[in-house]
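Taking the hints into account, I'd like the entire structure generated from these sequences.
Just so you know, the sequences run in chain order A and B.
Note that the numbering used here numbers the first sequence so that position 195 is 195, with each residue one more than the last.
Just add 1000 to wherever you are in the second sequence, counting from 1, and you've got the numbering used here.
Among these hints, one or two may not hold up.
[What the hints assert, rightly or not] In silico DSS-like links for lysine-lysine, alpha-carbon gap of 30 Å or less:
| no. | chain 1 | residue 1 | chain 2 | residue 2 |
| --- | --- | --- | --- | --- |
| 1 | B | Lys1176 | B | Lys1125 |
| 2 | A | Lys144 | A | Lys121 |
| 3 | B | Lys1125 | A | Lys40 |
| 4 | B | Lys1176 | A | Lys40 |
| 5 | A | Lys144 | A | Lys172 |
| 6 | A | Lys116 | A | Lys172 |
| 7 | B | Lys1125 | B | Lys1175 |
| 8 | A | Lys144 | A | Lys163 |
| 9 | B | Lys1094 | A | Lys40 |
[Unchecked claim] The calculated label-pair distances, taken between Cβ atoms and stated as ranges, are:
| no. | chain 1 | residue 1 | chain 2 | residue 2 | range |
| --- | --- | --- | --- | --- | --- |
| 10 | A | Lys121 | B | Asn1098 | 36 to 42 Å |
| 11 | B | Thr1134 | A | Lys163 | 35 to 41 Å |
| 12 | A | Thr208 | B | Thr1134 | 25 to 31 Å |
| 13 | A | Val89 | B | Asn1103 | 56 to 62 Å |
| 14 | A | Trp158 | B | Ile1091 | 34 to 40 Å |
Keep in mind the hints are simulated off the structure, nothing from the lab.
Computed from a prediction, not measured in an experiment: that's the story for all the values here.
Glycine included, C-beta positions come from ideal geometry on N, C-alpha and C.
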Amino acid sequence: MKLSNNLLFIVGVTLDLFLILIISAHLFGIFDFKGFLTGKATNEGHLNITILTAININLTRDSINWSSGIVTPGENNATLYTRGNDTGVVQRGNWTGADARAFVIANIGGVNCSIKLQTGKNAHDFFNSLTNSNEQYMWNVSNKESNSCSEGAMLGAWTDVNKTSGGTEFCKQFDNHQGSNEIYVDILLTIPYDAQNFGEQSDTLTVTADAAG
Amino acid sequence: MKYNGESEGVSRNIFNLALVFFIFALIIFVFSLIYFEILGETTGFASYGYVNLTINTQITLNVTNNTVNWGAGMVDAGLVNATLITHGGSIGTKTGGNWSGTNALGLFVENIGSINCSLSIQAGKSAAGFFGGTGPEYQWNVSNAHANACGDWGEPSSHGLFANVNVSAAAVVCKKLDFHSGQRGMYIDFRLVVPYDVNSTIANVLQADTITISGDTALA
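Next up, the structure:
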């Protein structure tokens, strides 16, 4: 009888411990099988691109044509000059400025650049004055769109052209953004009465773009 | 005799106490088994056999085509931007630039798990962060590669229509992506508008973004 009591006691205590185990398992969610059912997946995709930039300029207007004319008799010279988008001005001569408007250079590249200008001739090369006087060949660079050109030779002033190799740098920073990427190059000619070069005369303006300074 | 009688009384008390604990524990034990569905429903005295089996389900996403590669190119001179678009399994197209779309196919995502899931995507960069410059755009468009793959669309803007990528938080683009073979694939296409004036720190250097694609419990 005593042995049976002890056995029952042991069995009872064992079941009590089992009960505690079950309750603990319940409290800690061990039987919560739903927690195992779904995972979460993460993966990756990739997008790659390289954007190249290039210096690219465009002479939107690349020709100035004064056509034919003479120095007004009795005058030492005639002066012809362009003025941006307006027709050219003729003084003391009978050339026409209808097709004489400034060169227009646009930076259509993907980056700012610098600009250098160089002519093929100087004034004397152009006209060959007998007295080597009354002849001028000048340029004047200005912004067609504000803030297009900065940090270079003087803007908005007439200066003698430069035919030496390398030319003259006018813009160290020629902007490429729409609305601020165009400049004028106006040209002034003073034609002497004693020019020895007759007939059609021409010159070539070389525009060189390089990395911004 | 008295000693023996006291000993017998103590033993009886212990026995009674153990018996009470035993009955109580037994009741709790049986109810616990029923509660946790270990025994199943009570069935009286009918004789049944049970086969117990647990099948775990799993969400697994496979990004079969995981890279959109446009390579190197530039905006055509004089234009303010170039537009690059992927077209699912077809090669990408471009306007206003000279990139190659040969390796620019839409990302292809498949739910190869054993349960429907939701699909969320998140980009690492915004358009401005990707390109800088004037008017950049970085958009995506999620569509079915397999018919009826997505049973319940998420963000309407991402369903057949390009919309700006989400950077700050993942966008749930499909609430229920099917897992059955032949009906579980989706495309993530991209539309890039590359400005002509990208930031100098970005130009001429490989630019990359990572799209995080997550699958979670289906929402529908």
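Cross-check of the supplied hints:
1. Lys1176/B to Lys1125/B: Given pair Lys1176/B, Lys1125/B holds - Cα atoms ~26 Å apart, limit 30 Å.
2. Lys144/A to Lys121/A: This hinted pair holds, its Cα atoms lying about 25 Å apart.
3. Lys1125/B to Lys40/A: holds (24 Å)
4. Lys1176/B to Lys40/A: holds (14 Å)
5. Lys144/A to Lys172/A: Since the Cα atoms of Lys144/A and Lys172/A sit roughly 16 Å apart, the hinted pair holds (cutoff 30 Å).
6. Lys116/A to Lys172/A: holds (9 Å)
7. Lys1125/B to Lys1175/B: At roughly 24 Å apart (the allowed maximum being 30 Å), Lys1175/B and Lys1125/B satisfy the hint.
8. Lys144/A to Lys163/A: holds (24 Å)
9. Lys1094/B to Lys40/A: violated (36 Å)
10. Lys121/A to Asn1098/B: 36 to 42 Å: Cβ of Lys121/A to Cβ of Asn1098/B: about 38 Å, so the range 36 to 42 Å holds.
11. Thr1134/B to Lys163/A: 35 to 41 Å: holds (38 Å)
12. Thr208/A to Thr1134/B: 25 to 31 Å: holds (27 Å)
13. Val89/A to Asn1103/B: 56 to 62 Å: holds (58 Å)
14. Trp158/A to Ile1091/B: 34 to 40 Å: Since the Cβ atoms of Trp158/A and Ile1091/B sit about 56 Å apart, the hinted range of 34 to 40 Å is violated.
Checked against the numbered hints given earlier, the structure breaks hints 9, 14 and satisfies all the rest.
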